[in-house]
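Protein chains in written order, with the numbering used here: chain C, 1 to 492; chain Y, 1 to 492; chain G, 1 to 492; chain Z, 1 to 492.
Since the hints were made in silico from the structure, they are not lab data.
Careful: at least some of the hints might be erroneous.
What the hints assert, rightly or not - Distance condition first, Cα-Cα at most 30 Å in a straight line; then the derived BS3-like pairs of lysine-lysine:
no., chain 1, residue 1, chain 2, residue 2
1, Y, LYS149, Z, LYS278
2, C, LYS93, G, LYS76
3, G, LYS149, Y, LYS312
4, Z, LYS312, C, LYS458
5, Y, LYS93, Z, LYS76
6, G, LYS69, C, LYS441
7, Z, LYS312, C, LYS441
8, Z, LYS184, Z, LYS67
9, Y, LYS441, G, LYS149
10, C, LYS96, C, LYS76
11, Z, LYS312, C, LYS278
12, G, LYS149, G, LYS76
Protein chains: 4
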Amino acid sequence: MNFGRERNQLEKMGKIKGGKILLFLLCLNIVTFGVIADGPPTCPADLGGECNNSGEWKGEFFPGIPKIKYEGPLSKNPLAYKWYNAEEEILGKKMKDWMRFSVAFWHTFRGTGGDPFGAPTKYWPWEDGTNSLAMAKRRMRANFEFLDKLGVDKWCFHDRDIAPEGKALEETNANLDEVVALAKELQGTKIHPLWGTAQLFFHPRYMHGAATSSDVGVYAYAAAQVKKAMEVTHYLGGENYVFWGGREGYQSLLNTDMERELDHLARFMEGAAAYKKKIGFNGTLLIEPKPQEPTKHQYDWDAATAANFLRKYGLTGEFKLNIECNHATLSGHSCHHELETARINGLLGNIDANTGDPQIGWDTDQFMTDIAEATMVMLSVIKNGGLAPGGFNFDAKLRRESTDVEDLFIAHIGGMDTLARGLRNAAKLIEDGSLAELVSKRYESFDSEIGRQIEAGKVDFEMLEKKAFEWGEPKVASAKQELAEMIFQSAL
Amino acid sequence: MNFGRERNQLEKMGKIKGGKILLFLLCLNIVTFGVIADGPPTCPADLGGECNNSGEWKGEFFPGIPKIKYEGPLSKNPLAYKWYNAEEEILGKKMKDWMRFSVAFWHTFRGTGGDPFGAPTKYWPWEDGTNSLAMAKRRMRANFEFLDKLGVDKWCFHDRDIAPEGKALEETNANLDEVVALAKELQGTKIHPLWGTAQLFFHPRYMHGAATSSDVGVYAYAAAQVKKAMEVTHYLGGENYVFWGGREGYQSLLNTDMERELDHLARFMEGAAAYKKKIGFNGTLLIEPKPQEPTKHQYDWDAATAANFLRKYGLTGEFKLNIECNHATLSGHSCHHELETARINGLLGNIDANTGDPQIGWDTDQFMTDIAEATMVMLSVIKNGGLAPGGFNFDAKLRRESTDVEDLFIAHIGGMDTLARGLRNAAKLIEDGSLAELVSKRYESFDSEIGRQIEAGKVDFEMLEKKAFEWGEPKVASAKQELAEMIFQSAL
Amino acid sequence: MNFGRERNQLEKMGKIKGGKILLFLLCLNIVTFGVIADGPPTCPADLGGECNNSGEWKGEFFPGIPKIKYEGPLSKNPLAYKWYNAEEEILGKKMKDWMRFSVAFWHTFRGTGGDPFGAPTKYWPWEDGTNSLAMAKRRMRANFEFLDKLGVDKWCFHDRDIAPEGKALEETNANLDEVVALAKELQGTKIHPLWGTAQLFFHPRYMHGAATSSDVGVYAYAAAQVKKAMEVTHYLGGENYVFWGGREGYQSLLNTDMERELDHLARFMEGAAAYKKKIGFNGTLLIEPKPQEPTKHQYDWDAATAANFLRKYGLTGEFKLNIECNHATLSGHSCHHELETARINGLLGNIDANTGDPQIGWDTDQFMTDIAEATMVMLSVIKNGGLAPGGFNFDAKLRRESTDVEDLFIAHIGGMDTLARGLRNAAKLIEDGSLAELVSKRYESFDSEIGRQIEAGKVDFEMLEKKAFEWGEPKVASAKQELAEMIFQSAL
Amino acid sequence: MNFGRERNQLEKMGKIKGGKILLFLLCLNIVTFGVIADGPPTCPADLGGECNNSGEWKGEFFPGIPKIKYEGPLSKNPLAYKWYNAEEEILGKKMKDWMRFSVAFWHTFRGTGGDPFGAPTKYWPWEDGTNSLAMAKRRMRANFEFLDKLGVDKWCFHDRDIAPEGKALEETNANLDEVVALAKELQGTKIHPLWGTAQLFFHPRYMHGAATSSDVGVYAYAAAQVKKAMEVTHYLGGENYVFWGGREGYQSLLNTDMERELDHLARFMEGAAAYKKKIGFNGTLLIEPKPQEPTKHQYDWDAATAANFLRKYGLTGEFKLNIECNHATLSGHSCHHELETARINGLLGNIDANTGDPQIGWDTDQFMTDIAEATMVMLSVIKNGGLAPGGFNFDAKLRRESTDVEDLFIAHIGGMDTLARGLRNAAKLIEDGSLAELVSKRYESFDSEIGRQIEAGKVDFEMLEKKAFEWGEPKVASAKQELAEMIFQSAL
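Using the sequences and the hints, build the whole thing.
Quick look at the structure:
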């Protein structure tokens, strides 16, 4: 924000005098990401430590929480894994290498519990109610303690989650650098980002889009922001870089030039791909489809729409997709469908592991708890040979009403165990083999000589007509869907 | 909020020192209803006047905006009515008496343009960035200038829209009294609230519900709040009092005792009805159905669900319904259906005049622009003999991206004209008579002797069987839906 | 159908001569319920037996299928139960007494695989392509062999499923009597209908509704049909009688008098209840809610809507509800929600055990395969103390593409095992107790003295306000949704 | 169908003897497309003429119906155009040349009113209850009288609509040839098909798909059928050829190899494009997207999905899209969105002019009646420079309950008038110019030097960052959505 300009205008309007403006600007700073929790503290953590304002938090952030360990399916301990056993081998690979779990900084450390009808509800003990640089650093320390206790070695972030906006872009970038330096230090040798991204949707400047804004100044601003976020992701050893276009879309076609906006988006993506190469960043660029919300229509509606965009503009070599399960269902598809669509198009790069409510028309970003869904997800991941350099990012948040610090752990453990259970089930199905056999048997007539020729594009319509006359009415076998479901369910 | 308690806790935690706390509390005050716009001012209004901090705004709020007048359908002036001509008589009643339009204080004066993915975008010239009492009064003055220029004499409000929360309920009530006194003065003799209501969903204390909270303290707090809001509505000459239960519902059945919660809700409604009588308030009590959002399931899902609740607990004599069109479509019904359901159950009391996007699964609260929908709405209203003491409240908001002051006027004019056009069309249909004739003809076989007896409950199954044998196979006539649609469309 | 009238008309029109009409009428008979399968026979059953046209099928209907037995979770045999062990006791009751499974005659024996875009696909070996009385009897024998092999002792039927329409209602009733006599004989002492019902939606006479038809002749015809179906259900020892109003609703409000139609529906239900008493039938009358399809809006939209109807017309004592899971999700609710709503209103009478596709907007009537959903269903059933005299009816059909006879068994086994697994999981949850404890703890503040008084309706708003002042800001605890989900998932 | 094989099997099974089989086969013929109406004739037309069985219907088919003429907006005559005036010029082109209306043979002449829960309801006077060749010819005569009276000179058909299947493909083709010869004769010089297509979804052989069937024999059969349908369309002077893949998709991913199926589909489309060239057919090949129904997922989900398919397999030069409005809304988009997406991708070829119910999750194929929607559709068509060689095909059907012959006319007149009104409104908007100006003004910052360079792909991220620093915080203007809606609505 250009506070200078704003201040002048306010003063000119004569509405606000002197010290009031200072307060106003300070407050603006606070609310930039809606971080304020004005509810009562609800955390059970006993905070005996001292805390000063410099960001140097002396105590533990999660004093009552142990390192989360695997205790097996019979454990009743909410703070233990029942299914996720990081070092255990499944289908020739360690569980942790299949899963490549990542914690999303924004939901876990910037999620406030606010919703369109309600104020924030979460008041974590380490928060001081500001969006200051000191607070940003303190949060970063909390993040690394959280990762450590959870036993996860990857994290994801938006630039603006981890450091506050300054008065101008220069200051904002400086803020970011300062926090990133700390993160680099805290990462040590084992931890790094699964991916980074730029937040191009929250600030009002992006209300008409970032790369697709009707305003050229916003386009440039967005490019500058992505440039910086990419540099920072590279510096931290991030393995991928994500684009989620929450505002890249339209609210009404009446006032929108969709063709021109899509062209701008393509130019922007070309620029990003070029800059990636220039700085020697080898991470995958990922587009994250979502059908709508906050816009009526987002240009990356679903996997097929995003693939069409990439193909139209010749970008398929440069980008893959980050499939989010809740976005899948909002677009009218199962998560499994979107994963398979991405995979078949050679575009499956990463998974945002969450789930929606099947009866709700917006993104609830819940932690996955459906074992059957998790099993289907893992079947696709296994077919894909895993996700690396992508992984599973927990783009999932606590319910607004879950306000204990321990809930952060319980939710992640539940999500990780659900996917781990999915992996175990998928392995059972693959080892059993009867589901795969049922499928390949369905298509066996195409394994014939003529079938192979058809698949090779060597049989024209005249020959096919000849065959149709020759063969007469085809006999069509049962699709055995209920049997397939029975086999599938047996593995759960 | 109990700031005293909060402050102690913050100090005890040692996280925030001295002056910081003061700032924190001031800022909390600011964000209570998320009013901060941190974007650039976009209003065209030229504000030459002086403004001090006491709430005494000396200039006009809407200096470039004239009193909105009727100019007829050919006018191209965006700041004129093309269809709404307040004093014109339609079907024996003045347009203004059919419509009974009301401006919703919250959307118009507290709407910020914030959404789950974005910061506020609106920065009205009269806002100083605080949620102070002075600011509350200034906004109230803006409200009355807005009503005056628009030519509307009713308004609706939540208690917390118009006055800020204080440190404790006592202070909050005092704040409310102070603003209400000003509103009373500004109302003069012609203006009064269509309805008032209590905001029982924004504050984190209500995260589990108000009347249906799992916490008895919250139940009591909500009762105290409704008690006060009802008194205030009565004092201002409000004609109705509304309950919208945004948090009265559940997020998950796994942790919810739905039966107990519904019983609590009934006790609460009984208490409200009793208190209304006690203070001599004659306004209608209105329940506003909505299926979901923010909760997964709201207990007043749709008109039929609300009616079942009222009947189950013997409350039908005390309450009517406030039907909102966007809520109707979110529940899987047309707006017309919900209006007719309410009407048939003797419960149609008020309409929240807005519309949703047919492809979007959340409340967009757009101003109505669909003439056909407006015509159907007005057909129901006419059948109901009008809505008085209810009316049409514009529970509708500017799009997030509409940031000019004049947009507030354009949106209201568009909504009013759409409904006015609906009224004109409905009158045409009624005067033409062919649609009504088509309908009554469809049922004419029930106007026979036996039909009347059946309708009077005097024909048992044995007699009906006898008739069925006697009559043989019934001849069934065409339903003529396409003809009905053609007649309907001709009136648009 | 009044074929006499029709024939005259056809002849008068001069379009069809002599023998052609006979063929036409015979064919009409065939297609009355769309039973024709014109695809290739796909059944694996080896039919060595002889078959004449009298309905006396001499061989087995399912020669390759054994009696289905319980083999436990490790069995890979698709024709065995892995979880349903009829005589095993769970929570003090035999599994079969909790479940009270029933086979739906229509899906299993009249389902053809036809859909709005496709012809029938199923050609069962016992079908001869007609809708004759002889064929009806043969199917009835197949039904009882199916029940026997599956080990299920209840079945459900529509009148027109089991016997063909005749030229007039008298002949139709005679047809029905003949088949019912055979069914009575085949039932023996152990088997009887869970419920019967009248098919009031398929025949074109019902295109505008049955009890809500605009035509008084149709109303009478429907009453005669229900009267007969009720007698027949009673005669066969049926325990319930169901009303599903597929055509009781509207396609367009433009041509509909909804109020009058609802009044007619109420008169009809009163008549049915009176006739039930008259003939000494003690079965429960059940209304089956569905939101839409085939009509745009069905009058029994969901449980709450049906409850409102029953209350409005004073019918709650006479009727309960038959909740169908696929109908629940189509109305925007989880199945669990609808069951709880019915239960809380004292109306849970029976369950149509099926499931829909969460992304599909029409009734797919799939067999349930979701263990989590089944567990939640069983939690409600257990709270309800079971369903008797209701039960679980498999209102579920094979996919159109599943065309082997064995698929009928596989699908039912899968559905039964899913619910059996749900019962086992629910029992685990109840025995463990931590989920119930989590819930009751949430509401414990209402177990206080004041809480009890509030629940008894003894605390007015003034007292509540006093308490609110006294208590100050309430402390609100975490809702622990993720923990509840973790506990729930552990039981799966 | 291979009736020979079927007969043998039936005889072998010993179920059906002698003459019974003949009847069975005759009846099969009847039900092939579900054409039987067993309801009472409801047509008002007075059929004085004589009719023999040879298909030579001597009287008029629509004796009471005049040639439909334009009478202007004030006319109350349901059998007259109020807005469609074929020869009138709008924006430099005759209305008929903008619209290029076509009647869909299947809905108008093969629609029966059957639905998943109900039997056919329509019994047109010219139908004799058979699916014979004679009946097929009689229907074709009715079709041309209908076109003539409506004043429409284009029609669309599936191969199996217009001629019955024979015992084998050879006979089926011969049947088709015979009816096509008659159609050619009846067409004269003015009338021809807008497009033809092959029905690859109704017959059970296609239950697993046609080009995507798991069975190679079905693939060949489908190719033979498309080959023939393309020849026939070419012979009749058809201007386009359509592919609607109702069964090209999946019901469950558990038993489906989506990748292999999509590859087969691509081979099939390549074969079709090659055959088109071989026979010198210059018509456009059109793919018609639909998200689901009858399958859970159709491979041509929406315009973007179909575009991605075409691009992936290098088929964009060969195919365009046929956008159907009801399919658009089922896929979560407005019709306008799908049209614009097709247009922007250079793929807008034809429009199936219908509409769905916004609250209903399946294809209702209603005639369009929404003026606002029609106006937006026409805005896209005008931007596209018209649709030729495509046009507007009325893929729309009477409601099941509309059973009068005149309803066929009323429905088409209503649909044509709605679109004609849309054209008039669109012209008003274009002539007024303020909406276009509002849009172009929004993007004017891209008309600057730097904007142009960005659009030309000449500005890299480093330069953009430089600009961002230089420009500071961008000023973002209001999107003026409400103003755009007001302007739009003024034109209705």
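- Message: Next pair to validate is LYS312 (chain Z) with LYS458 (chain C); report whether the Cα-Cα distance is within 30 Å.
- Response: holds, 19 Å
- Query: Given the hint that LYS96 (chain C) pairs with LYS76 (chain C), does the C-alpha gap stay at or below 30 Å?
  - Reply: Holds, at about 23 Å.
- Task: Decide if the proposed pair is consistent with the structure: LYS184 (chain Z) and LYS67 (chain Z), CA atoms, cutoff 30 Å inclusive.
- Result: Holds, because 22 Å separates the two Cα atoms, which is no more than 30 Å.
- Task: Compare the distance between the alpha carbons of LYS312 (chain Z) and LYS441 (chain C) with 30 Å, and conclude whether the hinted pair is satisfied.
- Result: holds, 27 Å
- Message: Please verify whether LYS69 (chain G) and LYS441 (chain C) have alpha carbons no more than 30 Å apart.
- Response: holds, 28 Å
- Is it true that the CA of LYS93 (chain Y) sits at most 30 Å from the CA of LYS76 (chain Z)? holds, 27 Å
- Query: Are the Cα positions of LYS93 (chain C) and LYS76 (chain G) separated by 30 Å at most?
  - Reply: Distance ~27 Å between LYS93 (chain C) and LYS76 (chain G) Cα, so the pair holds.
- Message: So if I understand the rule, the pair passes when the alpha-carbon distance is 30 Å or less; does LYS312 (chain Z) with LYS278 (chain C) pass?
- Response: holds, 29 Å
- Are LYS441 (chain Y) and LYS149 (chain G) close enough, with their CA atoms no more than 30 Å apart? violated, 54 Å
- Query: Do the alpha carbons of LYS149 (chain G) and LYS76 (chain G) lie within 30 Å of each other, as the hint requires?
  - Reply: Since the Cα atoms of LYS149 (chain G) and LYS76 (chain G) sit roughly 19 Å apart, the hinted pair holds (cutoff 30 Å).
- Agreement of LYS149 (chain Y) and LYS278 (chain Z) with the hint, judged by alpha carbon distance not exceeding 30 Å: violated, 71 Å
- Task: With a cut-off of 30 Å on the C-alpha distance, tell me whether LYS149 (chain G) and LYS312 (chain Y) pass.
- Result: Measuring from Cα to Cα gives roughly 45 Å; hence the hint is violated.
Hint check: violations occur at hints 1, 3 and 9; the rest are consistent with the structure.
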